[in-house]
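Below are the chains, spelled out letter by letter.
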Amino acid sequence: MTNAWTDIKNTDLVVIMGGNAAEAHPCGFKWVTEAKANRGAKLIVVDPRYTRSASVSDYYAPIRQGSDIAFLMGVINYCIQNDKVQWDYVKAFTNAAYVVKDGFAYKDGLFTGYDETKRDYDRSSWDYVIGEDGYAVVDDTLQNPRCVWNLLKEHVSVYTPEMVNRICGTPKDKFLKVCEMVAECSSKTKTMTSMYALGWTQHSKGAQNIRGMAMLQLILGNIGVRGGGMNALRGHSNIQGLTDLGLMSNLIPGYLNIPTEKEKDFATYMSTRGFKPLRPNQMSYWQNYKKFFVSFQKAMWGKAATLENDWSYSWLPKLDVPSYDILRAFEMMKNGQMNLYFCQGFNPLQAVPNKAKLAEALGKLKLLVIMDPLETETARFWENHGVYNPADPSAIKTEVLQLPTTCFAEDEGSLVNSGRWLQWHWPGGSPPGEAKTDSAIMAGVFLRLRDLYAKEGGAFPDPIVNLDWRYADPKEPKAEELAKEMNGYVISDVMDPADPTKKVLEAGKQLASFGLLRDDGTTASGCWIFTGCFTEAGNMMARRDNSDPDDTGMYLKWSFAWPANRRILYNRASCDIDGKPWDPSRKLIEWDGAKWAGYDVPDIAPTAKPHDVGPFIMNPEGVSRLFTRGMMRDGPFPAHYEPFESPVVNVVAPKIKGNPVARVFKDDLSQFAETASPEFPYAATSYRLTEHFHYWTKNNHVNAVLQPESFVELSEELAKEKSITNGGWVRVWSKRGSLYAKAMVTKRIRPLTCDGKTIHVVGIPIHWGFIGAARKGFPANVLTPFVGDANIETPEFKAFLVNLEASSGPATS
Amino acid sequence: MTGTPSDERHSTVPPPASEKYDVEAGDAVHPGRPVTVDRYSGPARFNHWITAASLVLLALSGMALFTPKLFFLTALFGGGQWTRAIHPWIGVVLFFSFLGLFFRFWRANLPAREDVDWVAHSGDLLAGHEEKMPEVGKYNAGQKLVFWSMSGLIAVLITSGIVMWDQYFYPFTTIEQKRIAILVHSIAAVLAICVWIVHVYAAIWVRGTFSAMTRGHVTGGWAWRHHRKWLRELVARPGNGRNAPPHSPAE
Amino acid sequence: MFPPIPNPSVDPAAAKARFSDADLIRRSASEITPPAQRLTEVAKLIDVTKCIGCKACQSACLEWNNLHEEIGISDGTYTNPPDLTENSFTLMRFTEWVNPETENLEWLIRKDGCMHCEDPGCLKACPSPGAIVQYSNGIVDFIHENCIGCGYCIKGCPFNIPRVSKADHRAYKCTLCSDRIAVGQGPACQKACPTQAIVFGTKEEMKGWADFRIKDLKSRGYANAGLYDPPGVSGTHVMYVLHHADKPSIYAGLPDHPRISPIVETWKGVTKYVGLAAMGFAVAAGFIHHLIAGPNRVSPEDEANAERLTGVAPSGSTPSDGHEAGRTT
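Note that the protein sequences, when read in sequence, are chains A, B and C. Each residue of the first sequence is one higher than the last, beginning at 4 in our numbering. Each residue of the second sequence is one higher than the last, beginning at 252 in our numbering. Each residue of the third sequence is one higher than the last, beginning at 167 in our numbering.
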């Protein structure tokens, strides 16, 4: 989230698209009801289904799953055509005026530089023209036909209301009504917030869905302001913390990168990370990259990381592929290229697409280690549960170890919520049986490994034996110790260069902010963006002061928000170019002539003059990007691509199947249904229900009572056509698998008409499995295709093709 | 006194077909001093007392639930929970037990011509002028009224009772139907109790009656006084007496 | 935001019950003297228009009351379990309704449960002294130790709420968390509700808050938005804000004009009195008749006549054929 949950109450319009906040984020949804009560805010829901969010909306418009980009580009087109643009914002705070290289173009669904065999682009032309002064060329008049604004205008012009209707199936009048309501927020005194979640991310073009809305929000001037923003609703209480701490194969904490194998040494690695400003005076905050990186290395290897050994750069793993994401991991596992899988707090047999493939892959492991507070399907993948899990234990050689862990309510620590708040929590109960905290288990594994390496040596013992392990009880690092390490501390005294008798930093003290981090080895910080969370003043995450001066919703004294306790990112953009709030009733910070101050921690140097420094300090441009240069693999503008399994041909680019640069493994390609396949005629989507949390709560009796048995949702029209009765059994199958579930025949799903063709939508909740208190059932991943987003490999769970029929249910014998 | 329609009954011609049921199996006359007349067989009496006991228990438990003023009666049954649980089961006993009585007695309780006359003279009966009453068979019209009203009320009570018996029959009816059932049940129960009071009072008032249901026989005088036609029929039967065979087709 | 109810003090001295048996205004099958002064009436306001159907209230209810509901099946609706039970005091009922005026689908989600009527039909119907009580703050509570399991409360209730347990044969329903209210907390469902679709306070506060909500709804085009506080049961201590207050029954059969059934009124009213009178009259009539008319005895003449009829010479008295003769033509 750019903003905070509590800030949603400040909005005038909530758009829930690519998510279902009321069902999947019911607690956070309270702030939508607050916005409605306090500001008379309106709620728009755009979704293939009439959801529980829609049930409390002011306006609902249906959309075919996987066509969001066409819809969003259509809204942008509407705003441009009808001059519903926050011009002052767009001109001052976006790259609308930046001139793009001549080579860049878009035609027939492809941008310049496409290589079909590599399924990748040469992105060199996707960039600004750089002038002789070394800075990007801009045309503030927006007259240059090659400026971003004009390219964008042309790019979205194809997405007329008629075209949106053809692609999305959204009736034209409903689409135009949404456009009208959204366009009102181009006013300086009206803001809109976007609440989205997996409904946008779980597509082969998920990142571009989000880009689409981000661009719209920039055009409306809604980024950085109260009640605005791009608000990703994180589904797991700490999934924001997961990405923050770099639990991705290509990241280290704080969104720093794991080196690639081409970056053989530290100098090479840093050479592409200069982040030279693209416009004069800009902060380009990533220029501090080296400080964050060196401090991280010091936190990892302490004294062993020295200037001489490039801060132990060589001890980091080097990537030979863009990422070892979960899809690649299972592909490798299936191919026998992985022997040991440590599965910590994860149930991939349910959570990754194409269950049959996953089961086959797990069966090729030598050792599977499960760390989980609950019994999971993954831990029992080898067990035969009839149709629900037709495994043959005699044919599986994988050894499975289950290490019971504590759950969040039984241990201490912090959770990072969607609004980037690090909230400390205390144990509410004692762990059962032999359950241990995850850190105790990992410490145990580490200490034995270290002893083994120390005793026996090995190919590359250095990163293990040198790891800095400064915990009071090495066998069980405490949450506070880890938090302090994450925050960072001073390793050795730093004197004031102006006055060598004065200490700037004192060895052993906790750092107060990441601005103090240094690249000379005198500071350590495990995760630079968290610096400030545990300072000499104590555990800032444990703060519980809910005072909120003038009811702005900022709550600066409640917990700690990264970065620097800032509640709204880019909040400098809440003011005009002169530093005065766009909307005085929604003041956040303002320039008082000497400095920035207000209700939030300014997202800019406090003394940076308003006309000099742009609000988007992380970008070398200092402004935000309507055109994202070569930073996304699938294009600098979002373009409509159909899902890999689509009931219709891509209307704007008929030759293109799916996202042209999404990675597809060969075996999986043959498991995709043909476009508009008569064999698999129905457009399916999978989703979560309020009553359950993923595959956990089916273990809990109360949740199982509230939603006891798996079902699929379908329209009355389709039910009639297929003679399916409400509450009866159906069988649903895709090219990858088949499941049985109860039919829920509903008015909440209606057939859509896309380009003259009737499209039936089938909804498949994900929650059931063969373990737990609820009735046995099938998870949705029995059906889903094994393909992910082109940029970050989030699987395409939201749009695929199935067939279905009335059934007498699974054979019980 | 003026002639009544019943006058013609005093002929010695065999009774009309409708009256042949007046004599029930086991009824017999035993000449002697005094004459005794077998009125109710052992099984009939047993059946009656089971019915009577059930009815009393039902009345007590039912009234306990009918009005808070009588809730204390639940103590007789081991408390409210037991009362609630046991009442319908006693009802079932009553129903089947009464069903037995019904099949024993229904023929003798079929209307007869003298019933109209009897009803017309019922005021005389109450006033102590039984001599003004027509001769009646085994049951007079009042007894028949008791019989048939009890039959009807028990049918209503068991039907409405089942509708109210939530423990086993809750899903089969709507709440509105249950409400009607409760109202009907309570009205029927009140009526049944009133009929029962009449029945019991009649047995008390008409001395000599109890022995019919206790020892199974009455005196000849009792039969002469109250059920003379029945007595005449018994006497008129060939081979009357203790060992008299019942009517046989050969007759 | 409606001001949340603060967490109660953990100081044992502060844990003083706010109401007790001394505050009863009604007690089933009993006559009591109500306290001279009523407590402030409380109410729970369920704003159907803010409800997102998350079932947190249902979950909280099960947890707080330590209830064990059965794991059912999916019957093609989101309403789980399919009906209130002795273990589910509250239930989200989902209705898909197409508004005939706009032709738009509306998914109506209503939290069902005891309405805590000011004039409670359950209490009126209950035959067991003290099994159902009403506190002067308006809460209607079942006292299970006094319950006999007859199910009359079910017939008395205009909202089809109480359920009798097959296990212990006692009736159960929402208590409005009287145990929590008694120590100054709100009901568990209200505490769990993420959107303040459930709020709790004094009845006056709730009506005021409902007005505020209704104004907002009217501004959004719900011309018939209104408060459901049905006068037929003299108002309730659980009230609804409805978008379509003119048609309560579209919300999964919420009664349009709830009142205690006239059948129940007749049963607990006139029938009881007339019935007792009738039975009393019958007994009294017998007594009086017996006093006046005396017993109807068999006379020796009757015996003699019987003896004569059976062919045995009567003993003792002279044969009398007076009666017999009188009847012979």
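Calculated directly from the structure, the hints in this document are not laboratory data. Here the structure is a predicted model, which means the values were calculated and not measured. Positions of the beta carbon are idealized from the N, C-alpha and C atoms, including for glycine. Do not rely on the hints blindly, as some may be mistaken.
[To be verified] Computed footprint of chain C on chain A; a stretch qualifies when at least three of its residues, placed anywhere within it, have a C-beta under 8 Å from a C-beta of chain C: (1) 419–427; (2) 658–672; (3) 774–787.
[To be verified] Residues of chain B clear of chain C, computed beta-carbon distances all greater than 10 Å: (4) THR318; (5) THR325; (6) VAL343; (7) PHE347; (8) ALA371; (9) GLY393; (10) LEU396; (11) TRP456; (12) ARG483.
[Unchecked claim] Label pairs and their in silico Cβ distance ranges: (13) PRO294(B) - ASP422(C): 40 to 46 Å; (14) PRO421(C) - GLY403(B): 32 to 38 Å; (15) TRP263(C) - VAL343(B): 53 to 59 Å; (16) LYS384(C) - LYS320(B): 47 to 53 Å; (17) GLU459(A) - ASN173(C): 31 to 37 Å; (18) PHE411(A) - LYS384(C): 42 to 48 Å; (19) TRP429(A) - TRP263(C): 44 to 50 Å; (20) ASP422(C) - GLN418(B): 27 to 33 Å.
- Message: Checking each numbered hint in turn, tell me which of them this model violates, lowest number first.
- Response: Violated hints (numbers, rising): 1, 2, 4, 5, 11, 12, 13, 15 and 17; every other hint is consistent with the structure.
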